[in-house]
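One point on numbering: in the numbering used here, the residue at position 218 of the sequence shown is 218, and numbering is uninterrupted.
In short, the hints are calculated from the structure, not lab data. Fair warning: there could be bad hints in the mix.
Heads up, simulated EDC-like pairs for lysine to aspartate or glutamate below, C-alpha to C-alpha not over 20 angstroms straight-line [said to hold, decoys possible]:
| no. | residue 1 | residue 2 |
| --- | --- | --- |
| 1 | 281 | 92 |
| 2 | 216 | 240 |
| 3 | 141 | 252 |
| 4 | 294 | 282 |
| 5 | 276 | 231 |
| 6 | 294 | 21 |
| 7 | 141 | 248 |
Pairwise CB distance ranges, derived in the manner of DEER restraints [unchecked claim]:
| no. | residue 1 | residue 2 | range |
| --- | --- | --- | --- |
| 8 | 285 | 262 | 33 to 43 angstroms |
| 9 | 261 | 162 | 34 to 44 angstroms |
| 10 | 104 | 40 | 55 to 65 angstroms |
Glycine included, C-beta positions come from ideal geometry on N, C-alpha and C.
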Amino acid sequence: MFLVGIGLLQSLVKMILWRPDVVFTKGGYVCLPVGVAAKLLRIPLVIHDSDAHPGLTNRILAKWATFIATGAPLEYYPYDAKRTTYVGIPIDTKFQPFSSDAQRAAKGEWGIVSDKSLIVITGGGLGAARVNRAVAQSLKKLQRLGSVVLVAGAGQYDTLRAELPPDSNRFQLYPFVTKMHSLLGAADVVVTRAGATTILELAALQKPTILIPNAKLTGGHQLKNAAVYEEAGATIVLNEDAMEADTDILVEAVRSILDDPKDAQAMAKRFSAFSKPNAAKDVARMILKARKRKL
Numbered sequence: 001m002f003l004v005g006i007g008l009l010q011s012l013v014k015m016i017l018w019r020p021d022v023v024f025t026k027g028g029y030v031c032l033p034v035g036v037a038a039k040l041l042r043i044p045l046v047i048h049d050s051d052a053h054p055g056l057t058n059r060i061l062a063k064w065a066t067f068i069a070t071g072a073p074l075e076y077y078p079y080d081a082k083r084t085t086y087v088g089i090p091i092d093t094k095f096q097p098f099s100s101d102a103q104r105a106a107k108g109e110w111g112i113v114s115d116k117s118l119i120v121i122t123g124g125g126l127g128a129a130r131v132n133r134a135v136a137q138s139l140k141k142l143q144r145l146g147s148v149v150l151v152a153g154a155g156q157y158d159t160l161r162a163e164l165p166p167d168s169n170r171f172q173l174y175p176f177v178t179k180m181h182s183l184l185g186a187a188d189v190v191v192t193r194a195g196a197t198t199i200l201e202l203a204a205l206q207k208p209t210i211l212i213p214n215a216k217l218t219g220g221h222q223l224k225n226a227a228v229y230e231e232a233g234a235t236i237v238l239n240e241d242a243m244e245a246d247t248d249i250l251v252e253a254v255r256s257i258l259d260d261p262k263d264a265q266a267m268a269k270r271f272s273a274f275s276k277p278n279a280a281k282d283v284a285r286m287i288l289k290a291r292k293r294k295l
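Modelling step: build the complete structure from the supplied sequences, incorporating the hints.
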């Protein structure tokens, strides 16, 4: 709270000097003093909430926001409907459906056998230790279903590199990937955490997806993110504790997708309904509209 107080003073000074027409915030504790300063100086405030679980900062700032944008459907938020719009999450335009030919070409780029199913598993930029362990323990079974690419995160890469087979056209291990749209586009099934942006990137790609939410993150927001898409029949959601106790749960979830392409395609189609390709433009329009209200 002491640092938030200092942040408020800093924000007031900056805004008096900069005289912004609009303030746009994305949530998180660093946005609180900025948003409060905007309120005190009567500067229009636009907020965006990516997660289906609103954080404390956004719940506070929503009382004063001129407009509120959400990443998930409005029924998951307690905000004033008159000021709130479901826009989705702005993502890179490279995340869009891959044709069969484009998918085969992408597999070739990554040195993966093009006529085999590709299972991509990622725990995000920092990796996911429990997911990585489950993959390491079940790798042979997963490889019977297809080629496997594991993006393990830099912190666990060296340990896994010593334990797992060398890279080949059937298995690859990376600490981090920059061309994620290409790797995910090459995939036949993706296993990942339930971060809001990653979810909507996969929805835009129309990929059959297995979510393993991290229940320990703030407010259980990944559990709530995953529940939105599970309720719509758009993804499969696994309980991390159960998967850690029995890694066959992960293997069977992957198998269920690869063994029934028709059902997997239908699931991916339901998932794509959440894609919002105009999210960035819609947020920009809200910001400009807020500015016009001030003029």
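Hint check:
1. 281 <-> 92: Given that 20 angstroms is the threshold and the Cα spacing comes to 12 angstroms, the pair holds.
2. 216 <-> 240: holds, 11 angstroms
3. 141 <-> 252: holds, 10 angstroms
4. 294 <-> 282: The hint holds at about 19 angstroms.
5. 276 <-> 231: At roughly 19 angstroms apart (the allowed maximum being 20 angstroms), residue 231 and residue 276 satisfy the hint.
6. 294 <-> 21: Holds: residue 294 and residue 21 sit about 8 angstroms apart, inside 20 angstroms.
7. 141 <-> 248: Roughly 9 angstroms separates the two Cα atoms, so the pair holds.
8. 285 <-> 262: 33 to 43 angstroms: With a Cβ separation near 39 angstroms, residue 285 and residue 262 satisfy 33 to 43 angstroms, so the hint holds.
9. 261 <-> 162: 34 to 44 angstroms: Given a distance of about 36 angstroms, which is inside 34 to 44 angstroms, the answer is holds.
10. 104 <-> 40: 55 to 65 angstroms: holds, 57 angstroms
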